[in-house]
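> The listed protein sequences derive, respectively, from chains E and D.
Going by our numbering, the first sequence runs without a break in its numbering and finishes at 99.
Going by our numbering, the second sequence runs without a break in its numbering and finishes at 543.
Read the hints as simulated data drawn from the structure, not as lab findings.
Possibly wrong hints are sitting among the right ones.
Only pairs whose alpha carbons sit at most 25 Å apart, straight line, appear in this in silico DSS-like list of lysine-lysine [claimed, not checked]:
#1 K537/D to K519/D
#2 K471/D to K71/E
#3 K71/E to K37/D
#4 K71/E to K245/D
#5 K71/E to K470/D
Chain E regions said to be covered by chain D (calculated; three or more residues, Cβ under 8 Å) [stated by the list, open to error]:
#6 5–14
#7 41–51
#8 69–79
The beta carbon of each residue, even a glycine, is placed where N, CA and C say it ideally should be.
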Amino acid sequence: MRIITGNDLRTGAVVWWTGSGWSRFVDDAIDAGDAAEEIMAREEAARRVNVPYVCEASRDAQGHVRPAHIKDRVRALGPTVRRDLAVPTAARTGWDWVI
Amino acid sequence: MYRYDHYDQAMVEARVAEFRDQTRRRLEGKLTEEQFKPLRLMNGLYLQLHAYMLRVAIPYGTLSSRQLEMLATIADKYDRGYGHFTTRQNIQFNWIRLEDAPDALADLATVEMHAIQTSGNCIRNISCDHFAGAAADEIADPRPYAELLRQWSSFHPEFSYLPRKFKIAVIASERDRAAMRLHDIGIRLVTRGGALGAQFYVGGGMGRTPMIAPLIRDFVPIDQFITYAEAVLRVYNRYGRRDNKYKARIKILVHELGAEAFRREVEAEFAHLIEVGVEPPRAELERIKAHFADPPFAEGPTTIDAGDPAFARWVERNTHAHRHPAYVSAIISLKPAGDIPGDASAAQMRLVAELARQYSFDEVRVMHTQNLLLPHVAKADLPALWQALARAGLASANIDTIEDIIACPGLDYCSLANARSIPLAQRLSERFAASGRSAVLGELKLKISGCINACGHHHAGHIGILGVDKKGRENYQLSLGGSEAEDVSLARITGPGFDEDGVIAAVEKATEVYLAERKEGERFLDTYRRIGMEPFKEAIYGG
Numbered sequence: 001m002r003i004i005t006g007n008d009l010r011t012g013a014v015v016w017w018t019g020s021g022w023s024r025f026v027d028d029a030i031d032a033g034d035a036a037e038e039i040m041a042r043e044e045a046a047r048r049v050n051v052p053y054v055c056e057a058s059r060d061a062q063g064h065v066r067p068a069h070i071k072d073r074v075r076a077l078g079p080t081v082r083r084d085l086a087v088p089t090a091a092r093t094g095w096d097w098v099i
Numbered sequence: 001m002y003r004y005d006h007y008d009q010a011m012v013e014a015r016v017a018e019f020r021d022q023t024r025r026r027l028e029g030k031l032t033e034e035q036f037k038p039l040r041l042m043n044g045l046y047l048q049l050h051a052y053m054l055r056v057a058i059p060y061g062t063l064s065s066r067q068l069e070m071l072a073t074i075a076d077k078y079d080r081g082y083g084h085f086t087t088r089q090n091i092q093f094n095w096i097r098l099e100d101a102p103d104a105l106a107d108l109a110t111v112e113m114h115a116i117q118t119s120g121n122c123i124r125n126i127s128c129d130h131f132a133g134a135a136a137d138e139i140a141d142p143r144p145y146a147e148l149l150r151q152w153s154s155f156h157p158e159f160s161y162l163p164r165k166f167k168i169a170v171i172a173s174e175r176d177r178a179a180m181r182l183h184d185i186g187i188r189l190v191t192r193g194g195a196l197g198a199q200f201y202v203g204g205g206m207g208r209t210p211m212i213a214p215l216i217r218d219f220v221p222i223d224q225f226i227t228y229a230e231a232v233l234r235v236y237n238r239y240g241r242r243d244n245k246y247k248a249r250i251k252i253l254v255h256e257l258g259a260e261a262f263r264r265e266v267e268a269e270f271a272h273l274i275e276v277g278v279e280p281p282r283a284e285l286e287r288i289k290a291h292f293a294d295p296p297f298a299e300g301p302t303t304i305d306a307g308d309p310a311f312a313r314w315v316e317r318n319t320h321a322h323r324h325p326a327y328v329s330a331i332i333s334l335k336p337a338g339d340i341p342g343d344a345s346a347a348q349m350r351l352v353a354e355l356a357r358q359y360s361f362d363e364v365r366v367m368h369t370q371n372l373l374l375p376h377v378a379k380a381d382l383p384a385l386w387q388a389l390a391r392a393g394l395a396s397a398n399i400d401t402i403e404d405i406i407a408c409p410g411l412d413y414c415s416l417a418n419a420r421s422i423p424l425a426q427r428l429s430e431r432f433a434a435s436g437r438s439a440v441l442g443e444l445k446l447k448i449s450g451c452i453n454a455c456g457h458h459h460a461g462h463i464g465i466l467g468v469d470k471k472g473r474e475n476y477q478l479s480l481g482g483s484e485a486e487d488v489s490l491a492r493i494t495g496p497g498f499d500e501d502g503v504i505a506a507v508e509k510a511t512e513v514y515l516a517e518r519k520e521g522e523r524f525l526d527t528y529r530r531i532g533m534e535p536f537k538e539a540i541y542g543g
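Hey, can you work out the whole structure from these sequences and the hints?
And the structure:
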């Protein structure tokens, strides 16, 4: 699946496109398919997201959305060395998921 | 310490106001990200992996207690309660909100601090020997010259859009504690016939093409050294490549022209500039020097009563000879075993600020090795200082050991990184501390970078580790034999890379070779230089 991520303009927080808005949680990401470029242009112009880009991902058996690249998995959960600062869903996903 | 005059303060406050307006326009949609990005970068605000990151300049690594307390305030008020000290003596905050950034900069301005020129293709923060003004072996205090360079390079209109970023380091002793020859310009203060001057090394650097700076001028009279720096920058600005960012650093220009041809260009420009007269007035240097007068050192015991073995270990590893016999410089390790190199919580910053006020004439230094330093501690005060640090978990006696690892933020924070650096540093320091082997190994500088940009100085590590992306997985290349000291050298890669467990095992094997082969008094680096790479390769890769 092709999911869209970017950063919240005001806060810089990592966000994922849900089909109707932006979520902090990667599991909320949907497959944007061929509409990704159009969505990114519209959302960036409206300042609802900053520097969006598409990344490849898959949905696993537990329903977790897993970006293909480790960099995006680190973005999804937070620094692996400061788990106290992770997004709230990190415990559910598990840190092995990142590597 | 240098204190701002009204010009300095007015410049910084004007920049805060300007950036506040630029940020407002960005948030209101009047500036696109493309338009805003260079403006925020000029104010040290990056967009990193998880959030905006603010890099704050700490000129030549010197802080007052009040300034360090403000950094703690920034950490608590605008970030998540901590900061990361960098290999260029700066500090980074990892979780700044764009809408808060102007307020953070305004708070910094109240203590004469800013984030100007901590990014972009300009002259960056001037770095310096962290023992400046305290070291027993320096021939002059390099800080006034670093400060003059700071003032000359701040907002210099000709050098605001260089081909690439530009880094300058200044030292004043034979020992190089600032990686001087791995900078775009490395300046060593020297004397010739009783006169003070500057040696200029130009074209060093790490990154994807590491190079050791050659000597370009053996002696520039001190009252012409800014002019010579300007000549170097002018030649670079004129001939440096702008078509390829990977070939745009001055080291490539010096390499491609050759040091001799480069020198001729600089000398011609220097002769021209001497005619023009660009050197700041001598009175300005004297004004600056007055800020760096000695603190009121007191006479006291010149020996240290190190009866407690733990205290004795800390004194041996973490203190450095001071030019006043009753004082030492005391290093506060930010590398407790298993912890994140260079990170300090707001509470730790406040404690160090208080200890500096109590024991070090209100002064703290940031070391490029990502530790903190109290430059002037009376020997009589050392036990009390050590006890206070120990109570806070800041008394790790591991400076320059294999636990004292330099590590960049790596893939845990940095959008450029290919692999994580910090977890590797944590596992290595924990392992060598737990086994007790780090003390046996003595001086062994291990440095880790999470990508080819080499912020973790891996090229200059006795043992260096570079994280790379191998088909989407983290992979680590091991290298041996680097040094950023006066015996500068670039490390060589051992061979094929490893996964995380594999590189840790390889480091262990390298240390075993050293222990088996070393001669009396040899450091790891000395043994490597004597026996060469082969015995290490055999041990690591099994022949």
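> Now look at each hint and say whether the structure bears it out.
Hint check results:
1. For the hint pairing K537/D with K519/D, the CA-to-CA distance comes to about 20 Å; that is within 25 Å, so the pair holds.
2. Between the alpha carbons of K471/D and K71/E the distance comes to roughly 13 Å, so the proposed pair stays at or under 25 Å and holds.
3. Taking the CA atoms of K71/E and K37/D, the gap is about 22 Å. The hint holds against a cut of 25 Å.
4. Of the pairs offered as hints, the one joining K71/E and K245/D holds, with about 23 Å between alpha carbons and a cut-off of 25 Å not exceeded.
5. Distance hint between K71/E and K470/D is fulfilled; the C-alpha atoms sit about 13 Å from each other, no more than 25 Å.
6. Using a Cβ-Cβ cut-off of 8 Å, 7 residues of the stretch 5–14 of chain E lie near chain D, which meets the minimum of three, so the contact claim holds.
7. Check on the stretch 41–51 of chain E: 4 of its residues sit with their Cβ under 8 Å from a Cβ of chain D, so the three-residue criterion for coverage holds.
8. Here the stretch 69–79 of chain E counts 7 residues with a CB under 8 Å from a CB of chain D, which clears the bar of 3, and the coverage holds.
The structure is consistent with each of the numbered hints, conforming to all of them.
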